[in-house]
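Student: Spelled out, the chains give:
There are 2 protein chains.
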Amino acid sequence: MRPLLSWGTWRAVLARAGRPRPSADYLGVLDAQGYARNPPVGACELQGELDRFGGISVRLARLEALDRLDATAFKKGLQVAVQQWQSEGRTAVWLHIPILQSRFIAPAASLGFRFHHAELDSSTLTLWLGEGPSRLPGYASHQVGVAGAVFDEGTRKILVVQDRNKLKNMWKFPGGLSEPGEDIGDTAVREVFEETGIKSEFRSLLSIRQQHTNPGAFGKSDMYIICRLKPYSFTINFCQHECLRCEWMDLNDLAKTENTTPITSRVARLLLYGYREGFDKIDLTVEELPAVHTRLFYKLYHKELPENYKTMTGID
Amino acid sequence: MRPLLSWGTWRAVLARAGRPRPSADYLGVLDAQGYARNPPVGACELQGELDRFGGISVRLARLEALDRLDATAFKKGLQVAVQQWQSEGRTAVWLHIPILQSRFIAPAASLGFRFHHAELDSSTLTLWLGEGPSRLPGYASHQVGVAGAVFDEGTRKILVVQDRNKLKNMWKFPGGLSEPGEDIGDTAVREVFEETGIKSEFRSLLSIRQQHTNPGAFGKSDMYIICRLKPYSFTINFCQHECLRCEWMDLNDLAKTENTTPITSRVARLLLYGYREGFDKIDLTVEELPAVHTRLFYKLYHKELPENYKTMTGID
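Protein chains in written order, with the numbering used here: chain A, 1 to 316; chain B, 1 to 316.
It should be emphasised that the hints constitute simulated quantities derived from the structure, not laboratory data.
Do not rely on the hints blindly, as some may be mistaken.
It does not matter which identical chain is meant; a pair holds if it fits inside one copy or across any two.
List time: in silico DSS-like cross-link candidates among lysine-lysine, alpha-carbon distance up to 25 Å [claimed, not checked]: (1) 168 with 310; (2) 157 with 256; (3) 299 with 256; (4) 310 with 281; (5) 299 with 168; (6) 230 with 281; (7) 299 with 281; (8) 75 with 299; (9) 172 with 310.
If you're wondering where the values come from, they're calculated on a predicted model, not measured in any experiment.
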């Protein structure tokens, strides 16, 4: 068993968690970097960052000396710190724990902390200190799947697959889960290529499905988006691992067959409508716009807006 | 320190993890419920459920005697079990750990396990055993925010707010993050009411924004959806906590003002287009459809489809 640190050592260890700016830390006020002011002498020295919602964040990765601290001593220190933060009116505590320090999770849980999320090599626990039920923002709630309806206007053919390992084999569009940070259209193009060998480019977003408590999404919600893609290769070379069949099918046939899923049938009819009356009737087109507060960009999808409405020229 | 269990006891403890169907478990083949067949005598007795992708799931919550097991003994047992599963060609191991048993996380991590996800009182770790990079599905990748563009056709007024606590106060639509299991339209109606006191009903989905590596989404992606709502109350009673101002503004003014965000301005112009030329030009309407393999229903959004295309009547 690891040696148990004395309470004095624990205080010293935790005091090192703050930035090396002791003079500012001891001013007794919140400093410019948003670090919590030091509590009165005699109370716990545990320092975290104060966020703009009145919560405290503690990052165990910054507390290297914790390697020598055992779970029981950690629990005592955390308990004192939480009482101090609560008396100061803090609304919440966020505890960021590297995976190899996970022995501190159970002690925190015994004080009421619960997992907010975890990914790869760290977890984040929270404890709500404010009044009423927790108002902390939740973690990602949806997985996003994207399918590509690859339609060739010249031949009126649409690319469809049948999944391997399904009880009932029904025609559907190739597609799959988006990778982290991947744009909707890019997911559609990638998945279509991986499953069928067909190269294509994004044309529009056609339909969105939302479904909850999805077993395949670890109980979370599922957003499934269908895009219209234009093919620029036509020789099928489908993934034997994922697909049983892959074909270019006449769009009329797909719109009429019963051997398909309700959503595929609906989108086939939508495409038929667009093919006959103009794709502007069904397409959501995409544009990249700048975010206000960051240097990031985002993609925005909506029905195509006539140019005079975009620029407000001649609109009074 | 907790007493260390002998390897024999550990084997016995782990053997209890399977369902109480010893005769089927010992048939030496995968049984109908998908439980892994028992390994040869002398190897580790750790049992998990075999999934249809060739992975093994171990639920520590089912191993009550683990309360008496320490982390070192757990690590040894897990190591032997992993070697056994790998030799049997299993592709992955899923380890489900209750929060109060989190002392087993670090030992698993030292064998290569990483967090797949965690929520409230349990975490799930994974270890990929297959060839090449992991093909395990990721966890929820997006948070979903929904805003309500509450537009009153009779007066051409639209409901806008200015957030409190923003450096630059810009007019925008009320909105916020969806609750777990909440439909897009319900989020819009709820957020509008909470922020402004206005009651409204869902009319259509207008626009979707996708943004990645969002700091406000814990580094995950953000899907932001704007709905068109129709008000059925008009007296503003806005939340002083969240909003600085709240007004019914002429839609023309919102479409022209510079004191707004790019996305609000764009959607205001889209609404103006719909108001003048017909909302069917901009609306994605919603319908509830049954899922194929479950008894669940989902909501599907796309451009309204003429009735003859829906039923394929008179379409050849």
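Student: Hints first: check each against the structure and report whether it holds.
Tutor: Results for each hint:
no.	hint	result
1	168 with 310	between (47 Å within a copy, 24 Å between copies)
2	157 with 256	within (14 Å within a copy, 44 Å between copies)
3	299 with 256	between (34 Å within a copy, 22 Å between copies)
4	310 with 281	both (18 Å within a copy, 15 Å between copies)
5	299 with 168	between (36 Å within a copy, 23 Å between copies)
6	230 with 281	both (17 Å within a copy, 23 Å between copies)
7	299 with 281	both (21 Å within a copy, 21 Å between copies)
8	75 with 299	neither (45 Å within a copy, 46 Å between copies)
9	172 with 310	between (36 Å within a copy, 18 Å between copies)
Violated hint: 8 only; the structure is consistent with all others.
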